[in-house]
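Model the full assembly from the supplied sequences, consistent with the hints where possible.
Number of protein chains: 2
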Amino acid sequence: MSDPTTDPSISSFVDVDATSDFPIQNLPYGIFRLDKADRPRVGVAIGDRVLDLAACFDAGLFDHPALEASMPFHQSTLNPLMSLGKEAWSAVRTRVHDLLRDDTPDLRDDADLQKEVMVDRDRVEMLMPVDIGDYTDFYSSREHATNIGTMFRGPENALKPNWLHLPVGYHGRASSIIPSGQDVRRPSGQLKPDEDKPPIYGPSNLLDFELEVGALVGPGNELGSPIDIDDAGDHVFGLVLVNDWSARDIQKWEYVPLGPFLGKSFATTISPWVVPMAALDPFRVDGPEQDPEPLEYLKQSGAQNFDIELKVGLQTESMDAPHTICETNFSYMYWSVAQQVAHHTVNGCNLRPGDMLASGTISGPTEDSYGSMLELSWRGERPLEMPSGETRSFLQDGDRVVMSGHAQGDDYRVGFGTAEGTILPAK
Amino acid sequence: MSDPTTDPSISSFVDVDATSDFPIQNLPYGIFRLDKADRPRVGVAIGDRVLDLAACFDAGLFDHPALEASMPFHQSTLNPLMSLGKEAWSAVRTRVHDLLRDDTPDLRDDADLQKEVMVDRDRVEMLMPVDIGDYTDFYSSREHATNIGTMFRGPENALKPNWLHLPVGYHGRASSIIPSGQDVRRPSGQLKPDEDKPPIYGPSNLLDFELEVGALVGPGNELGSPIDIDDAGDHVFGLVLVNDWSARDIQKWEYVPLGPFLGKSFATTISPWVVPMAALDPFRVDGPEQDPEPLEYLKQSGAQNFDIELKVGLQTESMDAPHTICETNFSYMYWSVAQQVAHHTVNGCNLRPGDMLASGTISGPTEDSYGSMLELSWRGERPLEMPSGETRSFLQDGDRVVMSGHAQGDDYRVGFGTAEGTILPAK
Numbered sequence: 001m002s003d004p005t006t007d008p009s010i011s012s013f014v015d016v017d018a019t020s021d022f023p024i025q026n027l028p029y030g031i032f033r034l035d036k037a038d039r040p041r042v043g044v045a046i047g048d049r050v051l052d053l054a055a056c057f058d059a060g061l062f063d064h065p066a067l068e069a070s071m072p073f074h075q076s077t078l079n080p081l082m083s084l085g086k087e088a089w090s091a092v093r094t095r096v097h098d099l100l101r102d103d104t105p106d107l108r109d110d111a112d113l114q115k116e117v118m119v120d121r122d123r124v125e126m127l128m129p130v131d132i133g134d135y136t137d138f139y140s141s142r143e144h145a146t147n148i149g150t151m152f153r154g155p156e157n158a159l160k161p162n163w164l165h166l167p168v169g170y171h172g173r174a175s176s177i178i179p180s181g182q183d184v185r186r187p188s189g190q191l192k193p194d195e196d197k198p199p200i201y202g203p204s205n206l207l208d209f210e211l212e213v214g215a216l217v218g219p220g221n222e223l224g225s226p227i228d229i230d231d232a233g234d235h236v237f238g239l240v241l242v243n244d245w246s247a248r249d250i251q252k253w254e255y256v257p258l259g260p261f262l263g264k265s266f267a268t269t270i271s272p273w274v275v276p277m278a279a280l281d282p283f284r285v286d287g288p289e290q291d292p293e294p295l296e297y298l299k300q301s302g303a304q305n306f307d308i309e310l311k312v313g314l315q316t317e318s319m320d321a322p323h324t325i326c327e328t329n330f331s332y333m334y335w336s337v338a339q340q341v342a343h344h345t346v347n348g349c350n351l352r353p354g355d356m357l358a359s360g361t362i363s364g365p366t367e368d369s370y371g372s373m374l375e376l377s378w379r380g381e382r383p384l385e386m387p388s389g390e391t392r393s394f395l396q397d398g399d400r401v402v403m404s405g406h407a408q409g410d411d412y413r414v415g416f417g418t419a420e421g422t423i424l425p426a427k
Numbered sequence: 001m002s003d004p005t006t007d008p009s010i011s012s013f014v015d016v017d018a019t020s021d022f023p024i025q026n027l028p029y030g031i032f033r034l035d036k037a038d039r040p041r042v043g044v045a046i047g048d049r050v051l052d053l054a055a056c057f058d059a060g061l062f063d064h065p066a067l068e069a070s071m072p073f074h075q076s077t078l079n080p081l082m083s084l085g086k087e088a089w090s091a092v093r094t095r096v097h098d099l100l101r102d103d104t105p106d107l108r109d110d111a112d113l114q115k116e117v118m119v120d121r122d123r124v125e126m127l128m129p130v131d132i133g134d135y136t137d138f139y140s141s142r143e144h145a146t147n148i149g150t151m152f153r154g155p156e157n158a159l160k161p162n163w164l165h166l167p168v169g170y171h172g173r174a175s176s177i178i179p180s181g182q183d184v185r186r187p188s189g190q191l192k193p194d195e196d197k198p199p200i201y202g203p204s205n206l207l208d209f210e211l212e213v214g215a216l217v218g219p220g221n222e223l224g225s226p227i228d229i230d231d232a233g234d235h236v237f238g239l240v241l242v243n244d245w246s247a248r249d250i251q252k253w254e255y256v257p258l259g260p261f262l263g264k265s266f267a268t269t270i271s272p273w274v275v276p277m278a279a280l281d282p283f284r285v286d287g288p289e290q291d292p293e294p295l296e297y298l299k300q301s302g303a304q305n306f307d308i309e310l311k312v313g314l315q316t317e318s319m320d321a322p323h324t325i326c327e328t329n330f331s332y333m334y335w336s337v338a339q340q341v342a343h344h345t346v347n348g349c350n351l352r353p354g355d356m357l358a359s360g361t362i363s364g365p366t367e368d369s370y371g372s373m374l375e376l377s378w379r380g381e382r383p384l385e386m387p388s389g390e391t392r393s394f395l396q397d398g399d400r401v402v403m404s405g406h407a408q409g410d411d412y413r414v415g416f417g418t419a420e421g422t423i424l425p426a427k
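Chains A and B, in that order, are what the protein sequence lines are. Going letter by letter, the first sequence gives residues 1 to 427 in the working numbering. Going letter by letter, the second sequence gives residues 1 to 427 in the working numbering.
Errors might be hidden in some of the hints.
You can't tell identical chains apart in this list, so a pair holds if it fits in one copy or across any two.
Straight-line distance between alpha carbons at most 25 Å, and here's what the computed SDA-like set of lysine to any residue pairs gives [unchecked claim]: (1) K192 / V256; (2) K299 / P203; (3) K427 / I178; (4) K36 / L127; (5) K252 / E367; (6) K86 / S175; (7) K160 / A66; (8) K36 / G181; (9) K192 / P387; (10) K36 / Q182; (11) K36 / L159; (12) K299 / P257; (13) K86 / G313; (14) K192 / A158; (15) K299 / R39; (16) K192 / R142; (17) K252 / G154; (18) K115 / P387; (19) K36 / R185; (20) K86 / P288; (21) K192 / R153.
Honestly, the hints are just simulated from the structure, not real lab data.
As structure tokens, this is what we get:
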């Protein structure tokens, strides 16, 4: 039976443009407030409006027992909702869909109720949607890993021996994950610009972005009990865009042998609207063929990748709008989210509601599909030409980076909004 | 002016043996309850007793305004107390010291009050003392880094070029940090026992411990605002023992190029009593000379290391008690906690109350002072002889590892209790 919440033939009574990220087939969740004095709560984006789920609940529009018990809409994070699991998510999504479709009168024909439970999207402030306990960053794009490996070790040794056998990943810093729109301070630290001289202290000169997608965990697992790959879907609530800001010079000097640390931990930006997995179901596609065949615990069935078009725009201080410098697709990922979940927990490691598993930089096969400045400018050897006449090898102060993405349906798109941030000069 | 709370000449009316970890000069904080139905709350260890700070507060024994506002003793973690900062910590410590000394009558002479606010330590269950938001693991023992480097790269290239210039560290997994006493399930995962064959799935065969000390953060810093090394002490609440359990075979195959991941994330054990920095002040010592001289932001003044004797005991299933296999000292650390704090935040990364900065394995200069099985058995080339007649290169199922430590004063010691755990067979 097909899911009515993703049926392309159903519309909302709220006007939604064909290029809007938020049609009735999407219904992403976020945490919003009207101003600093207002209480943060859960909302769903629909066109240019936000449906206030806390107000809907207060108006008696929900009657699911799990919601009465935990009151997940009156919270400042999505974690309580995420921890409820698939059955509750489905009930909430179905009810929200019912309320918003143009062939049901309850909300459509009640102007007072609409005033009570809906607000214009440009009036709200979006906050961090999730309290992220642990943030894991994978390295799952073969094109990205090959590009980086080629630059630093040559094309023959581009991929390390483990790369085709497991989704390589590392623990990231959770405290410095920030919501879209918050400025990013250029980090300072130890750099070694001259191979033959001692390291120096100073601001990073090789500031970069990394275009990623983050999977947010719903119900977790007990310590010591791995998640079977066939059950991975029950543990993932939704996806966000991620900018894993990176200081390449800090990273290069520090990262041997224990991996990235201060080169990344100064900021990681996520988009504020969490797109539920249910909305992305129609956009499932097969990933790249995996050769060698993965070990049994990483063998997946069905289409586990997602056809999500991704874009990075760069706007310098002299420009009026972002200029697209990268177009790629989430479907290029070699290792799927399901495989990441299974691998992450195979040793018994426990995931908790709100944990984020980021994909790693998503690069495609062509030079305009690379997901970082390091690759786009090929270590600065091919600076990018901006429409302003400027060039960019890495990010300069005042530069604004805007990531966006959507899955394209017929006459509608399931989109993510943006993950964006502007570089402030070093202190 | 000397601090009365560390004055060796002052005793408590509670009997404290000279070999007890918890004399009146220590006063470590923990979270305890009497049984599963009981509410977790803050206690202080004194000899074989626990002073119940929530009960003390309820009995009107505290009158500090910050305590009235945040009620930190009636909480299930130390985070609220830790976030209050040095002035409040000092007030609490001074008051607890006053209550417990043998020359003040208030609690000493009131048997009813004693019953209300004290409980035998063997009657309480100790819980996780802290909600650890982010866990960072450093690699700050020169002896350990040299041992590992020598094993894998030979003595000429033992230390990587960055090691003497900065405290190398990486992000650890926070979700799988567990309190002392909880069993540890042997992890399974990808291993590559045969260099010439593909990897296999199976239980780790090279299970290890790592003896570490963890510094727990009190007040944090704003994102973008580094902590000056001279202020680092204001941000550290206290220390715990840490066992950074490690699966060497999983680690070896996975860790290039992004660092340790599943080889560590299955479990990390911490001791339940947090020893306040104030109690360790008399045991400050200079660390090893640092050559080359560190960059300005890592230059410290005063004695920043701590003379804390550390010990690891190993007990197999056939033994009645742990056998000491390692004796080392926290003072061997090349990079101090203050330097770790300054380095961690130099890029603007924000620390939060409850974050843990672990030292990395603490190895000393002699073969019996190495802080891991990997080093003690030198990759299995020199198996350890146990008093039971058994040998051990790595940990076997049923093995119990007991870490302990204390700073030795004249006729008293400021101790940590134990961080211990027993290995369960793989699932």
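Copy assignment of K192 with A158, given that the CA separation must stay at most 25 Å: both (23 Å within a copy, 20 Å between copies)
At most 25 Å between C-alpha atoms: does K252 with E367 qualify within a copy, between copies, both, or neither? For K252 and E367, only the intra-copy Cα distance (23 Å) is at most 25 Å; the inter-copy one is 34 Å.
Cα distance capped at 25 Å. Does K192 pair with P387 within a copy, between copies, both, or neither? neither (33 Å within a copy, 51 Å between copies)
With identical chains treated as interchangeable, where does the CA-CA distance between K86 and P288 reach 25 Å or less: within a copy, between copies, both, or neither? neither (28 Å within a copy, 55 Å between copies)
Given a CA cutoff of 25 Å, do K192 and R153 count as a within-copy pair, a between-copy pair, both, or neither? Cα proximity of K192 and R153: in one copy and across copies (19 Å, 23 Å).
Copy assignment of K299 with P257, given that the CA separation must stay at most 25 Å: Answer is between; shortest inter-copy Cα gap is 24 Å, intra-copy 30 Å.
As a check of your reading, is K192 near R142 (CA-CA no more than 25 Å) within one copy, between copies, both or neither? between (29 Å within a copy, 22 Å between copies)
Are the CA atoms of K427 and I178 at most 25 Å apart within a copy, between copies, both, or neither? within (19 Å within a copy, 38 Å between copies)
Checking K86 and S175: alpha-carbon separation at most 25 Å within a copy, between copies, both or neither? Intra 28 Å, inter 22 Å, cutoff 25 Å: inter-copy only.
Is the C-alpha distance from K36 to L159 at most 25 Å within one copy, between copies, in both cases, or in neither? For K36 and L159, the Cα distance exceeds 25 Å both inside one copy (48 Å) and across copies (51 Å).
Since the copies are identical, ignore which copy is meant and state whether K192 and V256 lie within 25 Å (CA to CA) inside a copy, between copies, both or neither. Cα proximity of K192 and V256: in one copy and across copies (14 Å, 22 Å).
Is the C-alpha distance from K86 to G313 at most 25 Å within one copy, between copies, in both cases, or in neither? For K86 and G313, the Cα distance exceeds 25 Å both inside one copy (35 Å) and across copies (46 Å).
Checked against the numbered hints given earlier, this structure breaks hints 7, 9, 11, 13, 15, 18, 20; the rest are met.
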